[in-house]
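Given chain A, put chains B and C in place with the hints provided.
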Amino acid sequence: MSNEREVLTAPASRPVNGEADEAIQLESAPAYEVTPKTLEDPAGGQALEVAVGPHHPSTHGVFRMDVVLDGEKIVSLKPVLGYLHRNHEKIGEHTSYLGMMPYTDRLDYFCSLTNNWAYAIAVEQLTGYQVPERAEYLRVITAELTRLVNHACLVGFLMHDMGTMGTPLMYAFREREKMLDLFEELTGARMMCNYLRFGGVRTDLPEGWLDRAKAVVDHFPRFLDEMENLLTGNEIVAGRTQGVGVLSKELAINAGITGPSLRASGVNYDLRKVDRYGIYDRFSFRVPLGERGDVFDRYMMRVLEMRESLKILRQAIKDLPDGPIMDPRARQRNLLPPKGEVYGRIEAPKGELGFYLISDGSRKPYRFRIRPPSFINLTILEDMCLGQTLPDAVVILGAVDIVLGEVDR
Amino acid sequence: MMDENLRSELGKRGVITTTLQDLTSWVYNWGRRSSLWPLNFGLACCAIEMISASMARFDIARFGAEVFRPSPRQADLMIVAGTVTKKMAPLVVRLFNQMPEPKYVIAMGACAISGGPFKQGYNVLKGIDRYLPVDVHIPGCPPRPEALLHGIITLQKKIDGQKLTGPDRPRHLKEAVPGEYPVPEYGENDLNPPCNQELWGPRPVVRHPWVRKS
Amino acid sequence: MSASSQKNVAPAAKTAPPPDLETLKQRLEKAVPGIVVEIQPNPAVPEQSSLVVDPAHAVAAARYLKEAEDLRLDYCSNVTGVDWPDKLVEETVIRKQMIRGEEREVEVTVKRRRPGFLEVVYHLYSMALGLGPVVIRQRTVNRTDEAKVASLTPVYRAAEFQEREVYDLFGVEFTGHPDLRRILMWEGFADHPMRKDYVEPDDYEYEPTPHGEVLNKARRHYPVEGTE
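Chains as they are written, first to last, in the working numbering: chain A, 56 to 464; chain B, 23 to 236; chain C, 21 to 248.
So that you can see chain A by itself, here it is in the shape it has in the complex (with noise of 0.2 Å):
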């Protein structure tokens, strides 16, 4: 499939700036499949129809696709969710504001500390609180350390979908534990960190943190170029990852998609750089962006984003500064916020993760949303798994990184 389609473009006789008189028509049809396809089967009743899941070795979780294969190739897919469906929603409503944030570590159990900033940063938005410059370094380390932390397991996964029987896998869960070493003595727990608050973070580092730290962030530029001399220039991977599951720019931006799936297809788009939140604007880091949109892309991409990461982290570290670590005037308990709805968002490491709060100036939430990235990326892995194989659907599936934590919520 070629990446070169048109980009629809105004013709002149449309209205431009509110001029217009006449109602708008759809002049032409659109470059891109915008209504998916519905099922049916072109080989008369010889297909055959494959259930990929719940519970297969090959699958992030459980999840489900139902593929209608005509002989090796696939004509349909669909995902089938739900498995792990454990209404974060219908908590939040009955949950305070601050006991909320214990379960946004649940959602995309990876990377507990960016789920805690997208929420965090929702509540300060609509309560207007301010973070002190300390803690905000501190969700920078935090965060990027996470992103590191998902980007090599998401490596580690994708190549034991791809029958690495779990080398890279091994070599990345030893960098995470080093990393889970240190989210344990910063904030007590391995997984479920639960650290940031509303207007700051919880506790301050304690004593040597920075040093430790600095010692994981200089010994892991050796984990990626080993990692990369194994699998970069790998015949393999280049083989099964090349020119699969190809995602073109203008159905990438209408599906909704973010995150270095997105930022595999070409599309400038990295919320550290468009929402500048939190004092991302003070360093100098930059984005990588993909050419073909195929699944080698995508793994270039989190490769890449590693080592812009380490740069980040660097530069944080380098220039932490002294100080508070909370608003003084931010409450945790009892928190009143007033009458209205914010849609607060962060670039977690698999995409756009935010949060849409309606509160009614009680303690409790009226409605809690999650926008979660791996749900709305899903919805076009059935458009990239067409005319390839199972076993490329399953490699594809391994590239969109889904958590189904998060999926499901």
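Mixed in with the good hints there might be a few duds.
[As the list claims (entries may be wrong)] In silico lysine to any residue, SDA-like type, Cα no more than 25 Å apart, as pairs:
{"hint": "1", "chain 1": "B", "residue 1": "K141", "chain 2": "C", "residue 2": "L235"}
{"hint": "2", "chain 1": "A", "residue 1": "K233", "chain 2": "B", "residue 2": "L171"}
{"hint": "3", "chain 1": "C", "residue 1": "K45", "chain 2": "A", "residue 2": "G395"}
{"hint": "4", "chain 1": "A", "residue 1": "K394", "chain 2": "C", "residue 2": "F137"}
{"hint": "5", "chain 1": "A", "residue 1": "K394", "chain 2": "C", "residue 2": "R133"}
{"hint": "6", "chain 1": "C", "residue 1": "K116", "chain 2": "C", "residue 2": "E87"}
{"hint": "7", "chain 1": "A", "residue 1": "K328", "chain 2": "C", "residue 2": "A148"}
{"hint": "8", "chain 1": "B", "residue 1": "K180", "chain 2": "B", "residue 2": "G162"}
{"hint": "9", "chain 1": "B", "residue 1": "K180", "chain 2": "B", "residue 2": "S136"}
[Claimed, not checked] Covered stretches of chain B, as calculated for chain A (at least 3 residues, CB under 8 Å):
{"hint": "10", "region": "109-121"}
{"hint": "11", "region": "139-145"}
{"hint": "12", "region": "161-171"}
[Unchecked claim] Reference excerpt, derived from the structure (chain B facing chain C, CB under 7 Å, subset only):
{"hint": "13", "residue": "Y208"}
{"hint": "14", "residue": "E210"}
{"hint": "15", "residue": "N211"}
Don't read these hints as lab results, they were simulated from the structure.
Backbone N, C-alpha and C define an ideal beta-carbon position, used for all residues, glycine too.
Positioned in the frame of chain A, the structure of chains B and C alone reads:
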């Protein structure tokens, strides 16, 4: 049986005595507990700690559980790691039914024991022991990999203590007890039946005098 | 504390602000004839106030917003369902009453029943121009038989799964959606769980230390012994 005094006397002189039955059951249990093969079955966050336990730092291979089998027909230990939702529950029971005897279940994490932090959920099954017989419960959210290893050691000790004959013998040696459990179905509002009555029933809540009335 | 450590950072979200909602409303009314647009202000975060669009013209409005040259809102970020049940609203109204032979204007507190409805909220951003968010909402007529709105999937593919989720959990039917079926709950499930009047199945049979609401639920199954 042998007189205990005689046995200890002989033991002091370096003579070990045992019955054929004890020896057999020791060997039999040792064989079963030293190579428990878990099923590759992770549901949610606890699954990541289970994977961590199988990685190089907290090596689960030391306990014989190195090979995680993808197929239930080849596994004998099911570690239910993570929240079991009502949508997933019939599949969990079906997988358990497909495992050959002797089989064991470890409920890892608060969610598998009783629903955990998501207990107030309309889709959350409040503990896998409503449908399956659980041997070891490991609390935690998520439990550390060392806690999982402790759970496996506890299971190993439990297997060691099992007798092969008599009324206390394990399930797979009793012909009358089936090894398969009924699979629940999706109902309109809830699973049908909501729990397996023979395995699990509501226990009366006793409030002790020293508990403050809320 | 020194002065430098007091330097607090401004809150997040420094995307380019979206155009003024009044102008957008007028542009939509010109571009899509027959449309009914209202502005719903957001007291907490005024730059995220929203436009309420009627379902009959929602698709045309979305298309306009996506294709206008200076807006190019090509990215639908979030689709949310909200349930507003029937509410008793108290209003003070000035009425004329006969008091001691004279007609006077009196303030009377009147209780009015505002009918409930379901709402679908869309957050739109522009990846091309870096604008956002523009929030549009669609409302149903009521919560029972007329819970229908237009689906924006023909315009934004990102809405496909999220609208299915709103249908599953709230019961809103999206006309024009290519594949409207349940996504998170199983196929035979009969309720819409995220509604405010949903009653959960009663499976709180065993509670080691029940109190409050959970104690009531446990009592329904068996007597709770001890000091009561």
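Here is what the structure says about each hint:
A C-alpha spacing of about 14 Å is found between K141 (chain B) and L235 (chain C), which places the hinted pair at or below 25 Å, so the restraint holds. Annotation: proposed proximity of K233 (chain A) to L171 (chain B) holds, straight-line Cα distance about 20 Å (limit 25 Å). For the given pair, K45 (chain C) sits about 21 Å from G395 (chain A) by alpha-carbon distance, which is consistent with the 25 Å threshold. Pair hint K394 (chain A) plus F137 (chain C) holds up; C-alpha atoms about 19 Å apart against a cutoff of 25 Å.
Distance restraint check for K394 (chain A) and R133 (chain C): the Cα-Cα separation of roughly 21 Å lies within the 25 Å cut-off, and the hinted pair is therefore satisfied. Taking the CA atoms of K116 (chain C) and E87 (chain C), the gap is about 52 Å. The hint is violated against a cut of 25 Å. A hinted pair counts as satisfied when its Cα atoms are at most 25 Å apart, and K328 (chain A) with A148 (chain C) qualifies at roughly 14 Å. Between K180 (chain B) and G162 (chain B) the CA atoms are separated by roughly 21 Å; this keeps the pair inside 25 Å, and the hint holds.
Our distance criterion of 25 Å between C-alpha atoms is met by K180 (chain B) and S136 (chain B), whose separation comes to about 22 Å. With 4 residues having a beta carbon nearer than 8 Å to a beta carbon of chain A, the region 109-121 of chain B meets the requirement of three or more and the stated coverage holds. Closer than 8 Å: that is the beta-carbon criterion, and the region 139-145 of chain B has 6 residues meeting it against chain A, so the requirement of 3 holds. Evaluation of the coverage hint for the region 161-171 of chain B: fulfilled, as 3 residues show C-beta separations to chain A shorter than 8 Å, against a requirement of three.
Against a cut-off of 7 Å between C-beta atoms, the interface hint on Y208 (chain B) holds, since the closest Cβ of chain C lies about 5 Å away. Nearest Cβ of chain C to the Cβ of E210 (chain B): about 4 Å, under the 7 Å cut. The hint holds. At its closest, the beta carbon of N211 (chain B) sits 5 Å from a beta carbon of chain C; the interface hint therefore holds under the 7 Å criterion.
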